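K.L.:
Based on the provided sequences and hints, a complete structural model is requested.
Protein sequence lines correspond, in order, to chains A and B.
Numbering-wise (this note's numbering), the first sequence opens with residue 2 and increments by one.
Numbering-wise (this note's numbering), the second sequence opens with residue 717 and increments by one.
FYI, nobody ran anything at the bench for these hints, they're computed from the structure.
Predicted model, so just to flag it, every value in this text is computed and none were measured.
C-beta atoms are modelled at their ideal positions from N, C-alpha and C, and glycine is treated no differently.
Among the hints, erroneous ones may be present.
If the Cβ cut is set under 7 angstroms, some of the chain B residues that face chain A in the computed set are [unchecked claim]: (1) A752; (2) G777; (3) N779; (4) T798.
Calculated Cβ distances over 10 angstroms to all of chain A for the following chain B residues [claimed, not checked]: (5) Q735; (6) P780; (7) S785; (8) V786; (9) L802.
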Amino acid sequence: MRVICPLFKGVIMTGHTVTRAHLSESVYQEVGLSRNESAELVESVLDQMIDALARNEMVKISSFGSFSVRQKGQRVGRNPKTGEEVPILPRKVLVFRPSHVLKNRINKALGGN
Amino acid sequence: MTKSELIARLAETNPHLYQRDVERIVSTIFDEITEALARGDRVELRGFGAFSVKQRDARVGRNPRTGESVKVDAKCVPFFKTGKQLRERLNN
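P.N.:
Rendered as structure tokens:
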């Protein structure tokens, strides 16, 4: 069953969440390494990506998408409760751009509805 | 870093694995995330981030060059939210 969560700007909620454990189980099924080693490899993949991003490198995974680090300048924010002005310091944010292949795959499966 | 560079790095740090196994491991991970999103499921990888799918309503858009109105259909888009640990790591 699929519900659109009104609180989270249209996020679809199926009640199912895939985690590291599911990914290592798939690697285990697919490649035939031990469960332990499968889990370690899932971790290494994420670690390699994190290290590259921490070096400000873009990570491009063909037919999935790209992750890049964007530098944000300082700006004046406001505490929405008190209306008080607070400076938001310059910071780095991660941006994910899904590939067309991923977007098409999702839309073919879920459609506009 | 591209997917093939990622595979090369992993092959380097895991010399006991065949290159084609490393390729399958990396592909399996991204395929699995893709299939989960295609089911409308969320993918949560603590310390890295979470992928989810958002639904966008149909709207009337405008061709910015000609100013002409165009109908944009409702669609689903993948969305990534950076995990707390990774966000902190980027800004140490």
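K.L.:
Just checking, V786(B) versus chain A, shortest CB gap more than 10 angstroms?
P.N.:
The claim holds: V786(B) sits with its nearest Cβ about 15 angstroms from chain A, beyond 10 angstroms.
K.L.:
If you take the shortest Cβ to Cβ gap from G777(B) to chain A, is it below 7 angstroms?
P.N.:
Hint violated; G777(B) Cβ to chain A Cβ min 14 angstroms, cut 7 angstroms.
K.L.:
Checking a non-interface call: every C-beta of chain A should be farther than 10 angstroms from the C-beta of Q735(B). Is that right?
P.N.:
12 angstroms, holds
K.L.:
Does the CB of A752(B) sit less than 7 angstroms away from some CB of chain A?
P.N.:
4 angstroms, holds
K.L.:
L802(B): least C-beta distance to chain A exceeds 10 angstroms?
P.N.:
L802(B) not clear of chain A: closest Cβ-Cβ about 6 angstroms, inside 10 angstroms.
K.L.:
Have a go at the T798(B) hint: is there a Cβ in chain A nearer than 7 angstroms to its own Cβ?
P.N.:
Holds, about 4 angstroms.
K.L.:
Any CB of chain A closer than 7 angstroms to the CB of N779(B)?
P.N.:
The hint is violated - N779(B) has no Cβ within 7 angstroms of chain A, the shortest such distance being about 20 angstroms.
K.L.:
When you look at the beta carbon of S785(B), is every beta carbon of chain A farther off than 10 angstroms?
P.N.:
Since the minimum Cβ distance to chain A is about 19 angstroms, S785(B) lies beyond 10 angstroms and the statement holds.
K.L.:
Just double-check P780(B) for me: nearest Cβ-Cβ distance to chain A has to come out over 10 angstroms.
P.N.:
20 angstroms, holds
Of the numbered hints given earlier, the model fails hints 2, 3, 9; all others are met.
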